[in-house]
Each structure stands twice: as structure tokens, then as C-alpha cells.
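Protein chains: 2
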Amino acid sequence: MKKIAIVGIGLIGGSLALQCRRKGIASSIIGVDNNPSHAEEAIALKLVDEVMTLDEAIQKADVIVLTVPMNALVDLLPAILSKVDHQVVMDMGSTKSTLAKIVDQHPRRGRFIATHPMWGTEYSGPSAAVEGAFENKAVILCDTEKTDADALAFAKELYSSLNMHILEMNAVDHDLHAAYVSHISHITSFALANTVLEKEREDNAIFEMASAGFESTVRLAKSNPDMWTPILMQNKDNVLDVLNEHISQLRKFKSCLEKENWDYLKELMSNANQIRRIIQ
Amino acid sequence: MKKIAIVGIGLIGGSLALQCRRKGIASSIIGVDNNPSHAEEAIALKLVDEVMTLDEAIQKADVIVLTVPMNALVDLLPAILSKVDHQVVMDMGSTKSTLAKIVDQHPRRGRFIATHPMWGTEYSGPSAAVEGAFENKAVILCDTEKTDADALAFAKELYSSLNMHILEMNAVDHDLHAAYVSHISHITSFALANTVLEKEREDNAIFEMASAGFESTVRLAKSNPDMWTPILMQNKDNVLDVLNEHISQLRKFKSCLEKENWDYLKELMSNANQIRRIIQ
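Protein chains in written order, with our numbering: chain A, 1 to 280; chain B, 1 to 280.
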């Protein structure tokens, strides 16, 4: 069992802490958080055994897991790599290409393993941590050929014990795919919330009618802008491509309605039904 | 207890049948379906006690509930109203204005109560019927001043026993609100599915990464085009207005990304966070 330091004890870091304890992966869990109230909360919620400064944690831990927003990550990662020798350094962030470039030539590149577990909720902070997270979801390990064998082995062991389905791909492919299966969903949800909130100004009654379908499509709009701004910044080009494609798909629906082309409207929906192959 | 005929034993009609039995609302349930295999399935699944032709059912039932697609409803409703005297006739469809106009001058208008329970799933047919449906959701009763007192009382009693939150509004307001809190969600889901399926042609691996967030925003894309084409046809003008607004909200995100205006991007997301007031 390893001594694991988790830097950034929010939704992801906190949920990982709970799983590491439950699965017997960690002998102890050190929390690091530059927000003192989050650090206190992490102790109070028993997510971590103790709280330390980053430098103390680097000294004491076998594994340092970074679960901070992507903008903080690009600053933190090279600084931490410069201070480690034997430790494994792992991130769990939503974008990978920017990070990959930043550490590519780092003398300690081999100690780093880039990972992205495809799990999350629309909530944030230590109180958002939940038991049983990550289970049965996919996790992407990126550019694994650049990681030392022991660090890669640790990451695989960790995610296997969480029953995750491990995929390997390079950082560039990761970011393209993440734009399609995660980032665009957040943008459509945010935009849908704004569409309806705009209307609500004139009409308070509208939400009394809100259905489960609406809730499902709009729930990601509750996501934390401090997390999502840097993700969309770092994956700008891919996200723009997918967003343009999505707007053009929406325009097809618009055109069908305008031209009363009901056959084509039905065809568009029938085509969309093929998503059944992919999600249950 | 009433003898209730349900015309169209699919997701909605079948789920209503189960609740009517469970809550002791119906002494017996008659099923009517022009799809013989659906009728058989409804018997096999014990959704209904017996299957009859529509004319037989009209004769024998105290209440006739119409849960057919909106295009069938506009033909069926006036024909059925012409054949009833004491019976209550109720629909549970997703649009109301077209229907309201069609029956407005009907001599038996008072026997009809227009309702829209804000509950559904993305599945269809008798096998999609589920126990415990409708509970704790909103239901809209439209143009109730045009309904006879006993018919209105029955609808209120029915939906109260399903623990639904009853709202009353006119058909025109209903259709406007439904465009915002239900119809647009379906279009965005269908379009998002098409966006990603388009990409998948080149790249089969993409869905191995699909996250819960993606699933949530895209699940409505599994909805039945035969149901949704007539809904969107009948609510064309409202849906087009909301769709135009939604596309313009998406363009704001696009413009932020293109111009690297990260402050405004964050502001758009923070504004969307206000949806927390409305959905838990």
C-alpha cells in the first residue's frame, strides 16, 4: 500500500480518496489544497488523514495525484516533477495535449502518468465527493510510452481496482474524442440553460413544468465555470470544430421546421436513434 | 371506480394503466390499439384486462383516455366526441393548441379534458410501460373552463391520486412553455447524437469514452420519431422561436472560443449555473 497525496480535494480528488481507502490502495491519504476551508472540510468529512503543504506532501508521499483545475495543473505539474525522484505523479484532468507539451522535455517526464477517468458529476468541492465513484467507467491513459514502467503499473493497478475500463491513446486523440463525448455536452447544457433562463425573466411559471427530459439535458449546466473555462481554453480548436458541426446539425432541424419538411425531420430523428447502439 | 378505456397502449397508456390498477382508480381497464401486436403485448403484460375495438370501448367505458401520437389524436378526438354522451374523454398529449382549435366548436366539447402529464421516458411501446409513473411530476390541464365539471373533477382526482402537481393554463401558453421545457431538449439531444454519430463514422473508438454526462445530454435522442414528428409539426412556431434562441446562445459560446474571450465564456457559464434554482 502506498502513501498517496491528493492535490485538490474536490469532487474528483475527494471521491478518489474515498475509493483509495475503501479498496485498500492507500496506507494513508494526504490532502493538499490551497483553499483552507476546503482543506478543513476534507478533514471533517474524513476524506484525508492529514493536510500538508505541497512541499511536505511531495516529500512524504509515494504517489502524488493532481486533481486541480486545468489552468492550475499546467503550472503545478512541471514544478512538482522538478521536485520528485521516485514518486509517481498522476493527473486526472479533462484535457491532455497542453499538459503533454509542457512536460514533454522535462527530465522527470517518466515519473508522470496522464490519466482521465470518464467520471464526474455537475457538483464541486469536497462535499461533492461520493462513495463508489469511477466504478465501471472508462479511463484514458495517455502517451504511456513516455511513462516509467513502475508509474504506469501503479496507474493500471489503481484503475483496475476501481473496476475501470482502461483505454490507451495519445494526448491529441484524447482531446479530440473528449470534445465529442464530454466537452460539447457541457456547452449544449450551458447554452440550453441560458436559452430557458432568458425566457424565464418574462415568465416565472415556466419551470413548474420542467420535465425529467429537460433536467437530463440541462443538468451539466450546474457545472463549475472555474473548472470548465480552462478545459475549453485548452481544447479550443477541437471544441470549436464540434460546436460548428453541432450548430449545423441544429440548423438542419430548423430548416425542416421552416420548410415543413416532415419526412426529412423524421429521418434526422431516426438517424439519431442509432445512438441506441452506443448508450443503453 | 370507473371502467377506463385506454386508446394506444404504449409507454404513456401502459404506464397509466398500471397506475390506475395500483391506485384502485379503475374497476377494469379496456385496451384499444390499432397495432395488433401491441394489443397482444398489452394483454400479455397484464396492462389491460381486455382488448376491444374503439367503438366497443366507447360503449362500455366511463372514461376514454387517448394516448396516441398527436397526428392520430387530431383525427380521433372529434370522431370519439361525436360518439359519447356521459363519458369523460381525456388526452395526455404533448401539444395542445391544434387539438383545442379542432374541438372548440364541437357540441360535446364539455366531455373533453386536455391534459399533459410532464412525464415520459425515451422508450416506446407497451413494453416501455413502467410501474410508479407520473408520481410527483407536474401535469397541465388546459382550457378547463370548457370542460364539464364532472369531467374536470375526474381528471383532478386521477392526477391527485398519482401525486401529481396540477397546473392549469390555456392551450396557447401550454404550447409555448412545452417548447422551452420539453420540445427543445429533444431537438438538442437528437442533434447532439447526429453530431457525434457523424464523427463516429471515421472513428469507431470514440464511444468507448462516452461519459455519464454525454449519456445524460443525449438520451432523449432515443425517442420515437413517430411520436415526435407530429409534436414538432403542431408546435412548429414556438419550437422555431426557441431553437433560434438556442442557436444564438450557442453562437455566444462559439464567439468566446474564437475570440478567446475567456471572461465572457466564464460569465456565460456562471449565468447558466442559475439553473440550480430550478432543478435540484
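Read the hints as simulated data drawn from the structure, not as lab findings. For glycine and all other residues, C-beta sits at the position ideal for the given N, C-alpha and C. A hint or two may mislead.
[Said to hold, decoys possible] What the simulated footprint calls covered on chain B by chain A, stretch by stretch (three residues with Cβ under 8 Å from a Cβ of chain A suffice, anywhere in the stretch; the number is not a length):
{"hint": "1", "region": "62–72"}
{"hint": "2", "region": "231–241"}
[What the hints assert, rightly or not] Computed Cβ-Cβ distance ranges for the label pairs, DEER-style:
{"hint": "3", "chain 1": "A", "residue 1": "A205", "chain 2": "B", "residue 2": "G110", "range": "21 to 29 Å"}
{"hint": "4", "chain 1": "A", "residue 1": "E215", "chain 2": "B", "residue 2": "S270", "range": "15 to 23 Å"}
{"hint": "5", "chain 1": "B", "residue 1": "N261", "chain 2": "A", "residue 2": "E198", "range": "39 to 47 Å"}
{"hint": "6", "chain 1": "A", "residue 1": "H165", "chain 2": "B", "residue 2": "S82", "range": "54 to 62 Å"}
{"hint": "7", "chain 1": "B", "residue 1": "E198", "chain 2": "A", "residue 2": "N136", "range": "21 to 29 Å"}
{"hint": "8", "chain 1": "B", "residue 1": "D226", "chain 2": "A", "residue 2": "D75", "range": "51 to 59 Å"}
{"hint": "9", "chain 1": "A", "residue 1": "E135", "chain 2": "B", "residue 2": "D85", "range": "36 to 44 Å"}
{"hint": "10", "chain 1": "B", "residue 1": "A72", "chain 2": "A", "residue 2": "N136", "range": "35 to 43 Å"}
[Stated by the list, open to error] List of simulated lysine to aspartate or glutamate pairs, EDC-like, C-alpha gap at most 20 Å:
{"hint": "11", "chain 1": "B", "residue 1": "K60", "chain 2": "B", "residue 2": "E50"}
{"hint": "12", "chain 1": "A", "residue 1": "K137", "chain 2": "B", "residue 2": "E50"}
{"hint": "13", "chain 1": "B", "residue 1": "K236", "chain 2": "A", "residue 2": "D49"}
* Violations among the numbered hints -> The structure conflicts with hints 1, 5, 9, 12 and 13, although it agrees with all the remaining ones.
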